[in-house]
Amino acid sequence: MAEAPGAAGYYPVSLDLHGRPCLVVGGGPVAARKAQGLLDGGAVVTVIAPDISPAMAALSPLAIERRPYAAGDATPFRLVIAATGRPEIDGAVYAEAEAAGIWVNSADDRAHCSFILPSVHRDGAVTFAVSTGGLSPALASWLRQRLAEQFGTGAGTLAELLGRARSTLKAAGASTEDFDWARLLDGPLPVLVGEGRIDEAVALIDQALGSR
1 MAEAPGAAGY YPVSLDLHGR PCLVVGGGPV AARKAQGLLD GGAVVTVIAP
51 DISPAMAALS PLAIERRPYA AGDATPFRLV IAATGRPEID GAVYAEAEAA
101 GIWVNSADDR AHCSFILPSV HRDGAVTFAV STGGLSPALA SWLRQRLAEQ
151 FGTGAGTLAE LLGRARSTLK AAGASTEDFD WARLLDGPLP VLVGEGRIDE
201 AVALIDQALG SR
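1 is the number of the first residue of the sequence shown in the working numbering; add one for each residue after it.
Calculated from the structure, these hints are not laboratory results. C-beta atoms are modelled at their ideal positions from N, C-alpha and C, and glycine is treated no differently. Any given hint could turn out to be false.
What the hints assert, rightly or not - What follows is a set of in silico ranges between Cβ atoms, one per label pair, in the way DEER data are often shown:
#1 57 x 172: 49 to 59 Å
#2 173 x 57: 52 to 62 Å
#3 29 x 91: 12 to 22 Å
#4 110 x 188: 19 to 29 Å
#5 91 x 186: 44 to 54 Å
#6 85 x 65: 11 to 21 Å
#7 75 x 110: 19 to 29 Å
#8 153 x 53: 25 to 35 Å
#9 53 x 186: 39 to 49 Å
#10 146 x 110: 17 to 27 Å
#11 187 x 129: 24 to 34 Å
#12 174 x 124: 23 to 33 Å
The task is simple: from the sequences and hints, build the whole structure.
Below, the structure is given as structure tokens:
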């Protein structure tokens, strides 16, 4: 078993799980939260567990196999999460996935993880992900909530508007690196978007693009 890295030893990355097969072992509320996160990422999720909680049963689309985990179950998948709450089962899932070169996370067991999950807040295309290297999930959740409260709603819409502006610059043959995005964002633009004043926000962006 590989030794868990220190708090600064993880490599942050955003995975494209759309259409990729992922496995959750466990049917309880914790496993349901993990499965929901995978579904939010577009994964094709299979759950293996003899008992399925109402929280898990309510998820869709989901393939559920109501049975105990068996040797070989992990190998067809790109990513595996073990969340049974039983160390002997989660450890077996980890060992099998790790031996097969499959990324695996064991809920609340950093030593049996080849990756850990941050605390996540989503707003459209924008994702706030906070990690403490597995040391304190409670702190990660607290920080994530504070970030969400600070930036409020509208981050996803803001990203869409700036994405369109970036596409406009590229279509005109202009450099998107030379444009002063920070000056635009440090101005009233985020407030306008947050207040739903989208027409004014678009006009402000168009003005900035025209004055460059």
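Hint by hint, work out which the structure violates, then give me just those numbers in ascending order.
-> Failing hint: just 4.
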